[in-house]
Amino acid sequence: MIQEEQKNEHREWTELNMGPQHPSTHGVLRLKVKLDGETVKEVEPIIGYLHRNAEKICELDYYCDSLIYFDRMDYVAAMNMEVGYLEAAEKLLNIPPPERAQWIRVIMAELGRIAAHLVWAGAFGLDLGMLSPFFYCFVQREKILRIFTEICGSRQETNYMSIGGVYQDINENIIYMIEEFTKEFPDKLEEIFNAFVKNDIFMSRNKGIGILEPDVAIQYAVTGPMLRASGIEYDVRKAEPYLVYDKLNFDIPVSYKKDNLARFLVRFEEMRQSVRIVKQAIKKIPDGPYFNPKAKKSLMIRLRGEGEVYARTESPKGEFGVYLVGDGGVKPYRVRVRSPSLRNLSVIRHLGKDVLIADLIAISGTIDLVFGEVDR
Amino acid sequence: MKTGDGGVVTTTLEQAMEWGRSNSLWPLTFGLACCAIEMMAIQAADMDIARFGSEVFRNSPRQSDLMIVAGTVTKKMAPRVRRLYEEMPYPKYVIAMGVCVIQGGPYNQGYSVVLGVDKVVPVDVYVPGCPPTPEALTHGIMLLQKKIRNETDR
Amino acid sequence: MDVLTRLAHFFAPLTHYVAYILAYLFESIFLVIFVTIVLVFMIYLFRKYMARVQLRIGPNRVGKFGLLQLMADGLKLAGKESILPKGRDDLPFRIAPLIVFIGLVMSFAILPYGDFYWIGSLTITHSNVSVILLFAAIAIMPIGEILAGVSSRNKYAILGALRGVAKDVSFEVPMMISVIALVMMASARTSEPLNLSDLVSSQIIPFGIPEVIGLLVFFISMIARASYSPFDMGESDSELVSGHSTEYSGMRFGMFYMGLFGSIFLSSMMVSLLYLGGYNGPFSSDAGFVYLLIKTVVLVLIAFTVWLSVPRIRIDRFVNMGWKYLLPISIINLIIAGIITLGVGL
Amino acid sequence: MVEVLEETTGKDGRKVLKVAKENLLALLSDLKDNGFTHLSLITGIDRKSKLEVVYHLHNLTKNEYVVVKTETLDERVPSATGLFKSADWDEREQYDLMGIVFEGHPNLKRLFLPDSWVGHPLRKNYDLSKVQYINMDENGDDYATFDPGDGW
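Residue numbers (the working numbering), protein chains in the order written: chain A, 1 to 376; chain B, 1 to 154; chain C, 1 to 346; chain D, 1 to 152.
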């Protein structure tokens, strides 16, 4: 035994720098990998290549202006980020949104969640070498983006919500579009799902790879689909309901298999649940104002907040928290973002030991990284 | 068109090369931030960039002609953008996609963002927007094609 | 009457040797042209087919239906700077793409194409052991790829080359065993079973029907040979950037690119020749080349569909598959072939 | 039992425990034993005269939430990496941007910015007008300079 260990020490490990420009690091992750042949012995993620100083700039801007930086954090799910920030900001500024606005926000956040997971599914397919599902996912995503464009004129970075409500009311046309989407999307989703899971190679690439034990997941503060795939039924939407999630009927998908495949299945089940939520919400949406009159748009910059507020929401990546500290001025004193991807990424140091390169790629694919949020 | 004393043969050959170059711009798979998702969208089914012969996204800078700088260039990333640009073979082109790349965009008051990628690499076409729609990026690529063919826009 | 003899007759007024040298020369030029046309057609087909599968349109701006797209690509690659990276192993780095391309063309020279009306066959090399020659020729291409990977002094490239070696080693034995089964089957009908054209002509019913297992093993091996997905670990896009060709640019890369698409055509052609009856078909024997092309293109489309829809298999799984599954079943296939040859005498 | 200086409820209805710096680790490990296994966030706040460090802890099974606050005058706080692994990167980030030195952290390096960056950007007295540049050395590691390198 001892001799063997000594031998291993003397073996030279190849050091490989993957990224920041690498096809499957989803942007600008740099992985310093130590290789023994094809086996990864050590992996050290180096981040900060998209550090855009959002937390600093938020301190320099008014409360209402900071929203755009949150849009660009998890840039594939801008709506969810907006919900996260506004949860905190509205509590701090004491401007609760009217009920209709809350329902609209729920619908938009769930559509955003679907869009984000679709991007993930397509990119994950590309990581594994499946070329086509990417395109099927993006076709469906375009439909959601078309709804967003109809609502606010922007495709991706929507900037739709604002303090005290939403920027614009939704009309029958948009409701019709959303209804049409929820009608035809489940079938398409099953098609995409089958394209993945009915493939033996796909299953063999994911089954039993990247097992994340629940206690490790908690130690690393992993949240979101990754935590749920490790067998812990925890969702902020249920644990600490915000907006009107307590009036909606939906399940939390959990898997006890803990591997790559579990994470894949949990995300797909989440999309199905999101469709279910949108279907319910679009029927229950009440009439009324969509904007809190207390926050007149023209006077937004005069909003003053004092105290400390931490608000958590369930973003597609996990628990997205915003910690706002106000000192009574028109600008926030300190903005701190709890980005789920950062914690989820930190677990790769644990998962990426003694796996093959191909598996490392698959594992980093299932973590669902978006670097705007990791580095902020 | 070419005027002058280059001779008929060289001119036609040059034109043919320009025609070939402009119609087969292989971009580098190089996404930095938000705009990268829109760059992926131009590959996807709705805005099929393959129509212009540019769907061959190459992973290696050695094999690509066009670098679409999609997303905020941070100071930490800037030397790497430069390195990638230097690794590409001539003739090479750069499209600056999005306001972050053009002048820093919403992040231009901060400490870690490069205010314009043109400080690092020469840029051929600027595509404004935050993020630019896929249509805008397609227009940018068409502009670049015209530029390569020495055609004026109007 | 094939093209070679025709040319030799044409040059007959010169002396015998000169006539044959000229004939071989012109025939080789024909062949290179043929290979180039095939490659252009293959890449265009792939891009259009890929677009169709992925709900896109594909190239359509250059020429009618984008038919000139490949011309544009070729012109661009020809005019591109070909970077020689620092720290390369100079000679291997330069000749590696040539080896790949020459290996491809050589393999095409050996294949029997069947007659095509008055033109005749394109085959250059008529040897009575052309099966062995062919498999020797297709083994040249991996050498180029490995040389490219090792000489470019890039970690991704070296990893790609290593994967290529591991891959080649694990499928070639079952591939050759399934070919031996074929030769055994053919030996019952012809005196020269190692001669490709005899081997093909002896298929009254295609060998693929009694030899289904062999067909499967051989097709899998040939897809792996062409390093197509799911066996493209050598240049796996998402893991190793571009594998062995990472450091190549310009026309040198173009040769690898052509090698990639040429080898899938070559592989499909070999499968259709050896297992699906090749140029044998109903009706006129003059149209043999057309039958061969149809069979080949169908196989190529199958390979493309597989490429577009399955993820990449892991290298250790593939090595396992090669030695633990493909090898035993190819031996079983050999036994079946022996029983058929001795007992039934097809 | 650990001495808690002050126990209040925040604006968002969360329990806030204020604790002296010396008792921080004891309180955290106490809480961890009581089921607060999920350290979700470490925040540093620059109060100009002092630095405030805020820990957000969460109990997954009982669904309870607690906020622990401590203050430091000399930029030094004991590290929680021994208790929670998620504290690793959080503390590195706060060291990077806020300049809080977590004593006992095994690998206290900057997380986002290169090591030679001068100053901690989220401090209120950080001078944004002083431009720093980052360059890359041969191994692909970064270093910060005040001079624009080649290409800038």
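Everything labelled a hint here was simulated from the structure, so no lab data went into it.
Take these hints with a grain of salt, some might be off.
To be verified - Think about it this way: if two alpha-carbon atoms lie no more than 16 Å apart in a straight line, the pair counts; the simulated EDC-like pairs of lysine to aspartate or glutamate are:
#1 Lys-124(D) to Glu-233(A)
#2 Lys-48(D) to Asp-61(A)
#3 Lys-279(A) to Glu-180(A)
#4 Lys-86(C) to Asp-46(B)
#5 Lys-155(C) to Asp-169(A)
#6 Lys-69(D) to Asp-141(D)
#7 Lys-62(D) to Asp-61(A)
#8 Lys-50(D) to Asp-33(D)
#9 Lys-32(D) to Asp-74(D)
#10 Lys-11(D) to Asp-36(A)
#11 Lys-15(D) to Glu-240(A)
#12 Lys-86(C) to Glu-86(B)
#13 Lys-21(D) to Glu-64(D)
#14 Lys-85(D) to Glu-12(A)
#15 Lys-155(C) to Glu-12(A)
#16 Lys-109(D) to Glu-150(A)
#17 Lys-124(D) to Asp-327(A)
#18 Lys-238(A) to Glu-64(D)
#19 Lys-155(C) to Glu-15(A)
#20 Lys-143(A) to Glu-14(B)
#21 Lys-32(A) to Asp-354(A)
Comparing the hints with the structure gives:
Among the hinted pairs, Lys-124(D) with Glu-233(A) is inconsistent with the structure: their alpha-carbon atoms are about 40 Å apart, more than 16 Å. Annotation: proposed proximity of Lys-48(D) to Asp-61(A) is violated, straight-line Cα distance about 19 Å (limit 16 Å). Between the alpha carbons of Lys-279(A) and Glu-180(A) the distance comes to roughly 10 Å, so the proposed pair stays at or under 16 Å and holds. A distance of roughly 41 Å separates the Cα atoms of Lys-86(C) and Asp-46(B); the hinted pair therefore is violated under the 16 Å criterion.
For the suggested pair Lys-155(C) and Asp-169(A), the alpha carbons sit about 55 Å apart, so the restraint of at most 16 Å is broken. With a C-alpha separation of about 36 Å, the suggested pair Lys-69(D) and Asp-141(D) falls outside the 16 Å cut-off, and the hint is violated. Simply put, Lys-62(D) and Asp-61(A) have alpha-carbon atoms about 38 Å apart, too far for the 16 Å limit, and the pair is violated. A C-alpha spacing of about 30 Å is found between Lys-50(D) and Asp-33(D), which places the hinted pair above 16 Å, so the restraint is violated.
Only pairs whose Cα atoms come within 16 Å are accepted, and Lys-32(D) paired with Asp-74(D) is rejected, the gap being roughly 27 Å. A hinted pair counts as satisfied when its Cα atoms are at most 16 Å apart, and Lys-11(D) with Asp-36(A) does not qualify at roughly 53 Å. A distance of roughly 15 Å separates the Cα atoms of Lys-15(D) and Glu-240(A); the hinted pair therefore holds under the 16 Å criterion. With a C-alpha separation of about 13 Å, the suggested pairing of Lys-86(C) with Glu-86(B) holds against the 16 Å cut-off.
Between Lys-21(D) and Glu-64(D) the alpha-carbon distance is near 23 Å, which puts this suggested pair outside the 16 Å criterion. Among the hinted pairs, Lys-85(D) with Glu-12(A) is inconsistent with the structure: their alpha-carbon atoms are about 29 Å apart, more than 16 Å. Simply put, Lys-155(C) and Glu-12(A) have alpha-carbon atoms about 14 Å apart, close enough for the 16 Å limit, and the pair holds. Taking the CA atoms of Lys-109(D) and Glu-150(A), the gap is about 46 Å. The hint is violated against a cut of 16 Å.
Distance restraint check for Lys-124(D) and Asp-327(A): the Cα-Cα separation of roughly 13 Å lies within the 16 Å cut-off, and the hinted pair is therefore satisfied. Our distance criterion of 16 Å between C-alpha atoms is met by Lys-238(A) and Glu-64(D), whose separation comes to about 13 Å. As the CA atoms of Lys-155(C) and Glu-15(A) are separated by approximately 9 Å, the hinted pair is consistent with the 16 Å bound. With a C-alpha separation of about 43 Å, the suggested pair Lys-143(A) and Glu-14(B) falls outside the 16 Å cut-off, and the hint is violated.
Taken as a hint, the Lys-32(A) and Asp-354(A) pair is honoured in the structure, with Cα atoms around 14 Å apart against an allowance of 16 Å.
In summary, the numbered hints that this structure violates are 1, 2, 4, 5, 6, 7, 8, 9, 10, 13, 14, 16, 20.
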